[in-house]
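Undergrad: Chain by chain, the residues:
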Amino acid sequence: MSATIVRKAAAEPRWLRLTLTAVGLGFLFFFLALPLVAVFSEAFAGGWGAYREALSHPEALSAIGLTVFIAVVVLPFNVAFGVAAAWAIAKFDFRGKSLLITLIDLPFAVSPVVVGLVFLLIFGAQGVFGPWLSDHDIKIVFALPGMIIVTLFITFPFVARELIPLMQAQGKDEEEAAVSLGASGWQMFFRVTLPNIKWGLLYGVILANARAMGEFGAVSVVSGHIRGETNTLPLHVEIVYNEYNAIGAFAAASVLALLALVTLVAKTVVEWKMRQETEMLDTAMPPEKTE
Amino acid sequence: MSRSIRNVLSGLLASAFVAGALPAFAQGSLLNVSYDVARDFYKDYNPLFQKYWKDKSGESIELKQSHAGSSKQVRAVADGLEADVVTMNQASDVDFLVEKGLVVKDYAKKFPTNASPYTSTMVFIVRKGNPKGLQDWSDLVKPGVQVILPHPKNTGNGRYSYLAAWGYALKQPGGSDKTAQEFVGKLLKNAPLFASGGRDATTTFMQRRIGDVLVSFESEAELIAKEFGKGEFDVVYPSLSILTEFPVAIVEKVVDKKGTRKQAQAYLEYLWSKEGQENAAQNYLRPRDAELLKKYATQFPAIKTFTVDDVFGGWARAFPVHFKDGGTFDQIYQSK
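Just so you know, the protein sequences line up as chains A and B, in that order. According to my numbering, the residues represented by the first sequence are -6 to 284, in order. According to my numbering, the residues represented by the second sequence are 8 to 343, in order.
Mixed in with the good hints, there may be bad ones.
Quick list of in silico lysine to aspartate or glutamate cross-link-like pairs, EDC-like style, CA-CA up to 16 Å [stated by the list, open to error]:
(1) B/Lys50 x A/Glu236
(2) B/Lys301 x B/Glu285
(3) B/Lys233 x B/Asp47
(4) B/Lys264 x A/Asp130
(5) B/Lys233 x A/Glu236
(6) B/Lys58 x B/Glu282
(7) B/Lys135 x B/Asp219
(8) B/Lys50 x A/Glu52
(9) B/Lys269 x B/Glu66
(10) B/Lys302 x B/Glu285
(11) B/Lys264 x A/Glu236
(12) B/Lys135 x B/Asp241
(13) B/Lys265 x A/Asp128
(14) B/Lys79 x A/Glu231
(15) B/Lys265 x A/Asp130
(16) B/Lys260 x A/Asp128
(17) B/Lys160 x B/Asp332
(18) B/Lys260 x A/Asp130
(19) B/Lys117 x B/Asp219
(20) B/Lys265 x B/Asp47
Note that these hints are calculated values from the structure, not bench results.
Next up, chain B with everything else stripped away, as it sits in the complex:
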């Protein structure tokens, strides 16, 4: 008991210190601003990097984390949250910081593999035993199938789900933007509601037992298993899905001011090291390292994917076409 009181007190002291922004701690400390569910990954990654950095430079480094919805997070960074690095789940969020002059325009080329150290993909989570026999996107548009997904216009998962279905329809024989829009229209018609975020979609599907299929990240399926139990659902891999990238970037203005460029660079680079990649695999995110992908093959079944760059010409183009006011989503939704 007395120990927990002491912990509370030290927490108080620590927060008081930071509030005073004492420059003594500014050296050797990085703030990583990240999306909602990235915590598990970075909780494991940070100690790995701290050890690596200590061995390499002899410097102990403090790593601070901030997690919330990704769009809210980049807004906060633009408004002055002093992030040394941002680790996001969608390029459009980093693009926002480019617009604000906080991140360099060609950030995707500053690190290997499109500045995305790991990937995931959109999969189907169905009720135990897959009673409706849902195998592919084409099954999701059939009448009587209820599809749960987060709101495509204002959530990351929702946008990826939307683009995945669109890309699938486009790649079918005779596929065009017109057929794709029709296909996605049918899919959205099967959605009884749009959840407000990934977590909300999961609660709707698992706890409120609404819907036949939940479209979600492959990595999310593991988190769901952790809370609701593995035997509660099945995961179905469609014939084709979207490769979701998780871009990372250095916030130029902040590292220059704090003098932490060297550390920030190393922190992000280390994500591509063997240790960093293995950590991704252990957190159910697909590593870029081909050997590791093979090693964890049972966990990551082979699946044909396309990227936003391949099919949509990048987020900078996909976003206005599909999700801005008057974009394809609005067109579909208003005619619904």
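Bound conformation, chain A alone:
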């Protein structure tokens, strides 16, 4: 008898369930599906030919190239930093650990425009190092190095944030076993740690990549908007739109939207792989091991 009461209390009336589902789906439709459809319908408003022409314009191509280039440069740094930081935080105890975690989160908390301005204040002509850089003819801001630096800053937390909980959950038993069996540090890393975190790492890289390619605010401040040279895809979208070239703007935007879709699919695949692996681990684990 008590069981039926519990079930009744947990079950919402039918109309409420339907309303909530409708609200949820409606929200999805208006905020996700509709904008996506709008981007593509605007991009193809002039037909396939106009779309192709907009994307094969030298300035659009160079924007795509630059965006990819920045991501390719930034991601290895992200991997190295993310793994090192997560390793230190998950496997060791030391003073200032919580401070380090806070610092890693800093780029999430700071507005991207402020990030750009900060680097402008450091490397700009009126900034701290400005005169010295100018004397030695080194260009940081309004050139590729500055754009890479701000993107690096913005995307720093993704890999580490993804790996820290994963590594903490895995503990250090397996690494200790490897070392006690005579493995060197690198052997342990490549044979034990890396295989354990590979899906988490990939997940972090995918997120960092999406952010690196889509970043607007910080890059806009330090880019200088030189066409065919320091214009990334998001900046290209804005400038072309401001020139009353809707097809060009939305064609470029559609490339970014496609990238987002690819990211989503890749993310889902990785998530699925990760779940599979943890399930396998759970079933393979003998019950006594759960101390």
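Take the given structure of chain A and dock chain B to it, following the hints.
TA: Just chain B now, kept in the frame of chain A:
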């Protein structure tokens, strides 16, 4: 497909090169930092100059362009964006670079016609057939008329619109600063919102269909026609409007460092040549050349104009009086 991949790759390489700031390309290359919608003009102008310069000096020159909002652009130049020349849509932006010691104080005298190779003016864009019969500024302050303009305090178009209305009121019989301020106050009351820029104002008017009249540059009307179609609106010329100048200047520090003074000088001077002037006319900007203005008379109807210098004593004076904190705009807006 493979060709576009190759293009992407060469784009990559090119950007990598520039990033390394290899001095090999520093010679014979100019960076022109300009305002938002100047691209169409310079896209046509640059090849003209490249040909002219090749014939004259035998040197091939690379011309690079940067476009964004004009105030943002001059900030970037002050912060180290290495522009050889700036081509702006408002003297107050170049004045900022004078303040920073990057442009000479008397830059307006370094080139003919106030260093502005072409001009434009503020006009009214109204709905097809002009249903509200708006002919002049005095019609815009009537009750029930909705006026769309960009924010007068922080956009170039907005400031020009504001000063145009002010100057019109001032030149009416019995006009004084007091009546002008009242007049502009009424005009701003008719603005349901302030757009964040020229483009935003156009979108508000054309796409969201808000307002009866859009105050904008004459040259902008053509861009709007290009996107939305000529038959979608009418252009009305008021009895009196403001002459908008587009000052150009050499960035002293940069040309000295890069050794490009000669090229930069020629690049700007050529704007006043027959070819440069004709290019302006073709881009719906009023050329300074009187003969060409006559040739394109149907495109540029005669309109009585005044300049910021005539009525307001130049931007250096107009700016603090009207647009700094506590200026006339703030006074009007706070009492609204």
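Undergrad: Tell me, which hint numbers fail for this structure?
TA: Checked against the structure, the hints that fail are numbers 11, 19 and 20, while the rest are satisfied.
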